[in-house]
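Peer 1: Residues per chain are reported as follows:
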Amino acid sequence: MIRVNELLKQASGTCILRGVSFKVAPRTVLGVIGASGSGKTTLLRCLNGLERIDGGSIEFDDVRLEAKLSRTEYARRIKELRRRVGTVFQHLNLFPHLTVLGNIVEAPIHVSRAARSEAETEAYELLESVGMKHLAQRYPESLSGGEQQRVAIARALAMHPQLLLFDEPTSALDPKRAAGLRSLLLTFIERGHTMVIVSHAIGFLIGLADHLLYMEGGAVVEYGETDRLLNSPSDPRTKDFVQQAE
Amino acid sequence: MTTSINKTRHKRSSRHYSCFAGNRDPALPVHKLASFTIVALVGSLWFTTVSAQQVLRWGADPSGGAPYVFNDPNHPDQYIGYEKEMVDALAAAMGRRPEFVASDWETLVSALQRGSFDVIVNGLEPTTDRAKQIDFSNAYYVFELQLTVRSDEDRIRALADCHNRVVGTLGNTAASRLMQKDGIPWRGYPDPVAAYRDLELKRIDAVLMDVPMEMYYARPNPKFKPAGQPFSRGTYNVGLPKGKDKLKAEVNAAIYKIIRDGTLEQILRKWNLWNDAQAELQNPIRSGQPASNVAYEITSASFNWREAIWRLTRAAAVTVLIAFGSMFIALSLGMPLAIGQWKGPRWLQWLCTVYIEFFRGTPVLVQLLFLYFGLPAIGLAMPGWLTALVGLGLNYAAYESQVYRAALTAIPRGQWEASYSLGMSPVLAFRRIILPQAFRIALPPMTNDFVSLFKDTSVAYAISVWELATAYRELANASGQFLLLGVAVSLFYLAMSLPMAHLARRLERRLQRKEAPEVAHVEVGR
Numbered sequence: 532m533i534r535v536n537e538l539l540k541q542a543s544g545t546c547i548l549r550g551v552s553f554k555v556a557p558r559t560v561l562g563v564i565g566a567s568g569s570g571k572t573t574l575l576r577c578l579n580g581l582e583r584i585d586g587g588s589i590e591f592d593d594v595r596l597e598a599k600l601s602r603t604e605y606a607r608r609i610k611e612l613r614r615r616v617g618t619v620f621q622h623l624n625l626f627p628h629l630t631v632l633g634n635i636v637e638a639p640i641h642v643s644r645a646a647r648s649e650a651e652t653e654a655y656e657l658l659e660s661v662g663m664k665h666l667a668q669r670y671p672e673s674l675s676g677g678e679q680q681r682v683a684i685a686r687a688l689a690m691h692p693q694l695l696l697f698d699e700p701t702s703a704l705d706p707k708r709a710a711g712l713r714s715l716l717l718t719f720i721e722r723g724h725t726m727v728i729v730s731h732a733i734g735f736l737i738g739l740a741d742h743l744l745y746m747e748g749g750a751v752v753e754y755g756e757t758d759r760l761l762n763s764p765s766d767p768r769t770k771d772f773v774q775q776a777e
Numbered sequence: 343m344t345t346s347i348n349k350t351r352h353k354r355s356s357r358h359y360s361c362f363a364g365n366r367d368p369a370l371p372v373h374k375l376a377s378f379t380i381v382a383l384v385g386s387l388w389f390t391t392v393s394a395q396q397v398l399r400w401g402a403d404p405s406g407g408a409p410y411v412f413n414d415p416n417h418p419d420q421y422i423g424y425e426k427e428m429v430d431a432l433a434a435a436m437g438r439r440p441e442f443v444a445s446d447w448e449t450l451v452s453a454l455q456r457g458s459f460d461v462i463v464n465g466l467e468p469t470t471d472r473a474k475q476i477d478f479s480n481a482y483y484v485f486e487l488q489l490t491v492r493s494d495e496d497r498i499r500a501l502a503d504c505h506n507r508v509v510g511t512l513g514n515t516a517a518s519r520l521m522q523k524d525g526i527p528w529r530g531y532p533d534p535v536a537a538y539r540d541l542e543l544k545r546i547d548a549v550l551m552d553v554p555m556e557m558y559y560a561r562p563n564p565k566f567k568p569a570g571q572p573f574s575r576g577t578y579n580v581g582l583p584k585g586k587d588k589l590k591a592e593v594n595a596a597i598y599k600i601i602r603d604g605t606l607e608q609i610l611r612k613w614n615l616w617n618d619a620q621a622e623l624q625n626p627i628r629s630g631q632p633a634s635n636v637a638y639e640i641t642s643a644s645f646n647w648r649e650a651i652w653r654l655t656r657a658a659a660v661t662v663l664i665a666f667g668s669m670f671i672a673l674s675l676g677m678p679l680a681i682g683q684w685k686g687p688r689w690l691q692w693l694c695t696v697y698i699e700f701f702r703g704t705p706v707l708v709q710l711l712f713l714y715f716g717l718p719a720i721g722l723a724m725p726g727w728l729t730a731l732v733g734l735g736l737n738y739a740a741y742e743s744q745v746y747r748a749a750l751t752a753i754p755r756g757q758w759e760a761s762y763s764l765g766m767s768p769v770l771a772f773r774r775i776i777l778p779q780a781f782r783i784a785l786p787p788m789t790n791d792f793v794s795l796f797k798d799t800s801v802a803y804a805i806s807v808w809e810l811a812t813a814y815r816e817l818a819n820a821s822g823q824f825l826l827l828g829v830a831v832s833l834f835y836l837a838m839s840l841p842m843a844h845l846a847r848r849l850e851r852r853l854q855r856k857e858a859p860e861v862a863h864v865e866v867g868r
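Residue numbers (the numbering used here), protein chains in the order written: chain A, 532 to 777; chain B, 343 to 868.
For the record, the hints were derived by calculation from the structure and aren't laboratory data.
There's no promise every hint is true.
[What the hints assert, rightly or not] Here are the simulated DMTMM-like cross-link-like pairs (lysine to aspartate or glutamate), alpha carbons at most 20 Å apart as the crow flies: (1) B:Lys-565 <-> B:Asp-496; (2) B:Lys-565 <-> B:Glu-542; (3) A:Lys-554 <-> A:Asp-758; (4) B:Lys-586 <-> B:Asp-471; (5) A:Lys-610 <-> B:Glu-759; (6) B:Lys-685 <-> A:Asp-758.
[Unchecked claim] Covered stretches of chain A, going by a simulated chain B footprint (3 or more residues, C-beta under 8 Å): (7) 545-553; (8) 574-582; (9) 613-621; (10) 625-633.
[What the hints assert, rightly or not] What follows is a list of derived Cβ distance ranges for each label pair: (11) B:Leu-722 <-> A:Ala-598: 51 to 57 Å; (12) B:Val-769 <-> A:Ala-598: 25 to 31 Å; (13) B:Pro-687 <-> A:Arg-583: 17 to 23 Å; (14) B:Arg-851 <-> A:Arg-722: 18 to 24 Å; (15) B:Trp-684 <-> A:Glu-672: 22 to 28 Å; (16) A:Ser-552 <-> B:Arg-851: 54 to 60 Å; (17) A:His-665 <-> B:Thr-704: 56 to 62 Å; (18) B:Arg-773 <-> A:Asn-536: 33 to 39 Å; (19) B:Arg-851 <-> A:Glu-656: 33 to 39 Å; (20) B:Pro-687 <-> A:Ala-598: 19 to 25 Å; (21) B:Leu-845 <-> A:Ser-643: 58 to 64 Å; (22) A:Gly-711 <-> B:Pro-841: 50 to 56 Å; (23) A:Glu-756 <-> B:Gln-691: 49 to 55 Å; (24) B:Phe-700 <-> A:Asn-536: 50 to 56 Å.
Predicted model only: the values in this text are computed from it and were never measured.
We put the beta carbon where it would ideally sit given N, CA and C, even for glycine.
Produce the entire structure from the sequences given, and follow the hints as far as they go.
Peer 2: Here's what the structure looks like:
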């Protein structure tokens, strides 16, 4: 269970996140929607520890992040947190000097200290599950955007995270490839992954996200089950956003 | 006589000129004006040539040049020395005005050939090698060599005891040739001060110098003592360009004159340089005998190509040692400097910046001189090659740190973030993800720096390290073979730098291939 409570994040004097609260139950998918600059990506970066929070708390089972923690203690807990959270960045950030296979086995071998042969066997399985096994020896630069994304997903999954974070996964995909990604993520739900997907494409989240969180100006406007929030939003701002998106 | 003629000529030509300049008559015919101009021009040209004959331009190296010619410690803008006084006397005897041209000992002969001055008067010995390039007057001084050691030295009593030691002297002198002939390890210095200082600092075991220098620089120093008696006589003669027989006759006559009238003896006595050997040289002349070529043993070593190539090869080995050693220091020290300046706490950033700006902002030559001559003051006396190696290493570390920093900061932040989110520590992320990518960016400028470092080893010349540039200068000066040796030395440099550049290019290509094995199938907007 992930609990985010009254999360505050400031940068150079302005509040980027102001009192964000929500829960993500295991084996569910949360979609975070909102316009650009609403704080969606910052929220995600707080969840994987790339941004230090300035107030409130993030709880992931027994790991609790708070602003008041000392530097070393915060760093220690972030390490714990990152062990459970995998991230697929908007710009993917694949390692260009490593092959597809190298990208995937890098962390299992050097962070989890897995044997190379085991790590590679598992990497091939992962690549197969995302339909990329035949490209294992290629370098990222020679792959298409969609292919690179699947490598990035496999790379995140290789560390067996309990929670997968996606930042704007459809931003570089054409509709056909977006549909392909959607069906891939649906298989993840069946396998019991918990996911937080940040996206401005509401259509992509329908049938994928159990809950939606609509943000505006760094604050949560509305949080609820996907169908309820889309069909009968209680806040007029949510209504506006949903209507515009359609 | 000549002087008075010149004066009249001068007056006449200036009168022409003033007449021309003062004439404001607009009706002056053009051809008349032209002829006036020509007369004035020719007159002034003639005047300049005559006045050039009137001076005696003499070349010598005043740096560490005591007691021959050197800067007066009390009036640093004036030159003094026994040869300075002697040239004054010679010029007076020749009816000329002496004009001193400060030059460099090693290149005196080539400068004379180029016409930078009329004569060399700088304690120059007439060797067979030099005699191929220039002419010599009759001798004016008989010198001997004196070996000097530290006062606590008890094993070196003569040059023969120095076969396993290193003896300092000036390059391309009777002393250096004598030791080369006898197979004694020696090191050439640009001036006696540096040689005696290294003796004091125990970088060398003895110094062999002409007696005049030994008298001036070593004898008053209680830390030194002479080892054995002066030996190996030779003469100092005035060097002249080939074919200037009239000038040579004039100089010989002048030497004859100042010996006969006692002027030279007076000067030598004043400088404490008068001894029996001088009397032996001068007495026959004074008793009216014509100046004969006094047969003294002239230490000469004629140029030997096989030995030259061997010495060049040794110099090349030293160059390689210095280049690789200092590159190793530069590469390994550059990284902590780059990281300190980039990610360190503020005080460390500041410290690294000070280091980098100091070493980039001051000439490497000055840094080497400081390390070599300055550090012994605090008890740290390194041998020359090590000084060059460390000095160049420290200097290039500043440059490499900037190459690294540029390469490191060129790696997108997303690479760090992806590493962190996979659970990597900063050190692991740096080592496995950032560094390999940065290395590829840094490789071309690093290669470039290494090649330039290779050539920069030549500044080690300033601290008497026998590397390629020093070897070239000394061998070429000894033989006059600037062209041939220059080609040989260039080939040595190229033989070392080209394979390196080639190796770097191959490495670069391999890294590039690795990154993009197939260029096709790339989509925009990933």
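Peer 1: Need the list of violated hint numbers for this structure, in ascending order.
Peer 2: 6, 7, 14, 21
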